[in-house]
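Engineer: As they're listed, the protein sequences go chains R and L.
Take 1 as the starting number for the first sequence in the numbering used here and just add one per residue.
Take 1 as the starting number for the second sequence in the numbering used here and just add one per residue.
Since the hints were made in silico from the structure, they are not lab data.
Cβ atoms here follow ideal geometry from the backbone N, Cα and C, with glycine treated the same way.
It is possible that part of the hints are untrue.
Straight-line C-alpha distance at most 20 Å; calculated SDA-like pairs for lysine to any residue [unchecked claim]:
1. R:K28 <-> L:S136
2. R:K275 <-> L:N96
3. R:K246 <-> R:D34
4. R:K28 <-> L:K127
5. R:K310 <-> R:Y365
6. L:K36 <-> L:I23
7. R:K28 <-> L:V133
8. L:K7 <-> L:Y97
9. R:K224 <-> L:Y145
One side of the interface only, derived from the structure: several residues of chain R facing chain L at Cβ under 8 Å [claimed, not checked]:
10. L11
11. E35
12. P157
13. A160
14. Y161
15. R235
16. N238
17. Q273
18. M278
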Amino acid sequence: MYQYNDNDQTLINERVTQFRGQTERYLKGEIGEDEYRALRLMNGIYIQIHAPMLRVAGPYGLLSSKQLRMLAHIARKYDKDYAHITTRQNIQFNWPKLETIPDILADLASVQMHAIQTSGNCLRNTTTDHLAGVCTDELEDPRPYCEIIRQWTILHPEFAYLPRKFKIAVSGTTQDRAATQFHDIGLHLVKNDSGEIGFRVLVGGGLGRTPVIGKVIRPFLEKKHILSYLEAIVRVYNLNGRRDNKYKARIKILVRESSIEKMAEWVEAEWQQIKDGMEVSEDRIQSMIAQFQSPDYDSNASNDSTFEAKKAQSAAFSLWVKHNTAAHKTAGYRAVFISLKAPDCPPGDITERQMDAVADMADQYSFGELRTTHRQNIVLGDVNQADLFSLWKKLDALTLATPNIGTATDMICCPGLDFCALANAGSIGIAKEINEALDNMDYLHDIGDLKINMSGCMNGCAHQSVGHIGILGVDKKGVEWYQVTLGGSSENAAAIGLRLGPAVAKHKITETITTILDVYIKERNEDEIFLDTVNRIGITPFKSAVY
Amino acid sequence: MKIIKDKQIIEDTLTHVADNEEISSKNITVSLSRWKSEKAKLTEHQGTIGVRVSPADNIEDIADDLTLISLIAVELPAFTDGRAFSHTRLLRDRYNYQGEIRAIGSYMPDQVFYLTRVGVNAFEFDKADDLNVALSTMNDFSVSYQASTN
Chain R
1 MYQYNDNDQT LINERVTQFR GQTERYLKGE IGEDEYRALR LMNGIYIQIH APMLRVAGPY
61 GLLSSKQLRM LAHIARKYDK DYAHITTRQN IQFNWPKLET IPDILADLAS VQMHAIQTSG
121 NCLRNTTTDH LAGVCTDELE DPRPYCEIIR QWTILHPEFA YLPRKFKIAV SGTTQDRAAT
181 QFHDIGLHLV KNDSGEIGFR VLVGGGLGRT PVIGKVIRPF LEKKHILSYL EAIVRVYNLN
241 GRRDNKYKAR IKILVRESSI EKMAEWVEAE WQQIKDGMEV SEDRIQSMIA QFQSPDYDSN
301 ASNDSTFEAK KAQSAAFSLW VKHNTAAHKT AGYRAVFISL KAPDCPPGDI TERQMDAVAD
361 MADQYSFGEL RTTHRQNIVL GDVNQADLFS LWKKLDALTL ATPNIGTATD MICCPGLDFC
421 ALANAGSIGI AKEINEALDN MDYLHDIGDL KINMSGCMNG CAHQSVGHIG ILGVDKKGVE
481 WYQVTLGGSS ENAAAIGLRL GPAVAKHKIT ETITTILDVY IKERNEDEIF LDTVNRIGIT
541 PFKSAVY
Chain L
1 MKIIKDKQII EDTLTHVADN EEISSKNITV SLSRWKSEKA KLTEHQGTIG VRVSPADNIE
61 DIADDLTLIS LIAVELPAFT DGRAFSHTRL LRDRYNYQGE IRAIGSYMPD QVFYLTRVGV
121 NAFEFDKADD LNVALSTMND FSVSYQASTN
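The shape of chain R in the complex, shown without the other chains (with noise of 0.2 Å):
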């Protein structure tokens, strides 16, 4: 993974002294209110309903065990004792007090960590696929352009005070599993007709409010001018977005307003002016390439013949085998889903416990690396197979072993009324009362492959509008009742669920799932998945059983 050099580390060292000058500034009443949020709020830190909130950036989701082990100690010594995953692989703490949190940072910055950008109108954490560099299906390794665009988005002077907040996915593989159809840019490796590989740009695509799925700007794109293009697109957008209404202030209201062909003519018109001045050399992404060389692997690891003697013995390690872990481009090695989605467990969270726990076993049996997921779970990407029984064991002590990912209880949840200031309704309850009703594995693992996204508000932090299930909360007079889409995907065929009908009420919420799910049962072909069954049948038969 990419290692801090010594301007990277001054960077965000100074970035803590001149955070805390800030908040001392502000505590003493010297800055005023308004200005303090933008302040704090490009430093990651929300405030909710109990406390602050600080997010940090996970950098397109990759962690080292030393960093994990930071964010263990900070759970303990600041929090609550535990952390968040987010959908855009950040981490955030839901209880710091405000005064403690220059040191917070500073102690991220010892590790090379830091919240900058995570929050505000501004250039935020570039995501991408948590299965990056391990996966069979991969064109390239998106992470070194993804550390490229992270080093340009970093305290950029120009665009710090955007229309509205600016998110950048990059995905290196066919089957898309960073949702860069749904980022304000996103961006896939792509293959010319000359064999020369390049990006295909995408813009305008978001969710929240008004979900829309990105156009293509430009098809092929020369990876030395990543940078000039980006760039172009984000100037063309300062200068022209819409800031009269937060809620219009999006890239993909200015594509929306102006159409797709008029944003293509801007953009070009700027990048021509810029492009020639700003080529990322190929001795800077070859040294970037060498940043994220694949570990060491162990060359005879599928000679081993214990990982298929212990799934044939136990039948729960190989439904977790079957489940919570994904084929590796490396033979004898696969990549480890560590479930953040326990029964009991709030989506997404992990202790202070668990992630010392993660840390050693990282540096066990995965080089000391880990990833973060936008589906709020962790992933080991390169274990070797002879070790996943004893890795399965261990989970399995830590409740990090629940067998469900990519089936209905791993679900995508926000921290909802509990904690935001902004919802409008709980999704953590209801989180937890669906999977109280699904926690019959045989049922759950008949269902299959079903991707549940639930939001608390219509700002959709969880994407429920591309859940093959959304949940969204509304608030009725002060009472809580949650809307139900059907059909939505983030995957490579895009799609927005439909409304399933009127909102529901709260304690009508899980009985409308299960319906859902029995409707599903009763009419999918053999290994129909979810998705499909409603992309071939429509979503009256589920209505009709519902309401």
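Mind docking chain L on chain R? Use the hints.
Structural biologist: Okay, now just chain L, sitting in the frame of chain R:
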């Protein structure tokens, strides 16, 4: 009033003349639209002539006139409006403007570092106290990732 120019606090006599006001001072700025409509008369003015660029203005509209303008004031009507940052980049990098670029309006001393990076070299604040804070923030960072004007 006192302003910051080229990292020094100095006395300044510039008057920002509104569109409906008579020009009665020596050193002035006018809006971009007034500049366009009264250019012939304004180029005869004895004293400093500056043009105010507001967020919705298009920098291209004064690109051909830059040799006639000794100062450009980029306006931040609210600190959240970041268009002045792009305007300044364009003035410095695209149109190679060498004169003074001054930030005016409602912005924070904490934005001075980024404003300096994009090419602003003079700062006017409503509150005199902000000048010293602004000066102290100018060296917040000794390193940066992006090529920019400064």
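Engineer: Indicate, hint by hint, whether the structure satisfies it.
Structural biologist: Checked hints:
1. R:K28 <-> L:S136: Holds, because 17 Å separates the two Cα atoms, which is no more than 20 Å.
2. R:K275 <-> L:N96: holds (17 Å)
3. R:K246 <-> R:D34: Given pair K246 (chain R), D34 (chain R) holds - Cα atoms ~16 Å apart, limit 20 Å.
4. R:K28 <-> L:K127: OK: K28 (chain R) and K127 (chain L) at ~17 Å, within 20 Å.
5. R:K310 <-> R:Y365: Measuring from Cα to Cα gives roughly 17 Å; hence the hint holds.
6. L:K36 <-> L:I23: holds (16 Å)
7. R:K28 <-> L:V133: Holds, at roughly 14 Å.
8. L:K7 <-> L:Y97: Within the cut-off at roughly 19 Å; holds.
9. R:K224 <-> L:Y145: holds (17 Å)
10. L11: This interface hint holds because 5 Å falls under the 8 Å limit.
11. E35: holds (5 Å)
12. P157: holds (4 Å)
13. A160: At 6 Å from the nearest chain L Cβ, A160 (chain R) passes the 8 Å test, so the hint holds.
14. Y161: Holds. Min distance 3 Å.
15. R235: holds (5 Å)
16. N238: holds (5 Å)
17. Q273: holds (6 Å)
18. M278: holds (7 Å)
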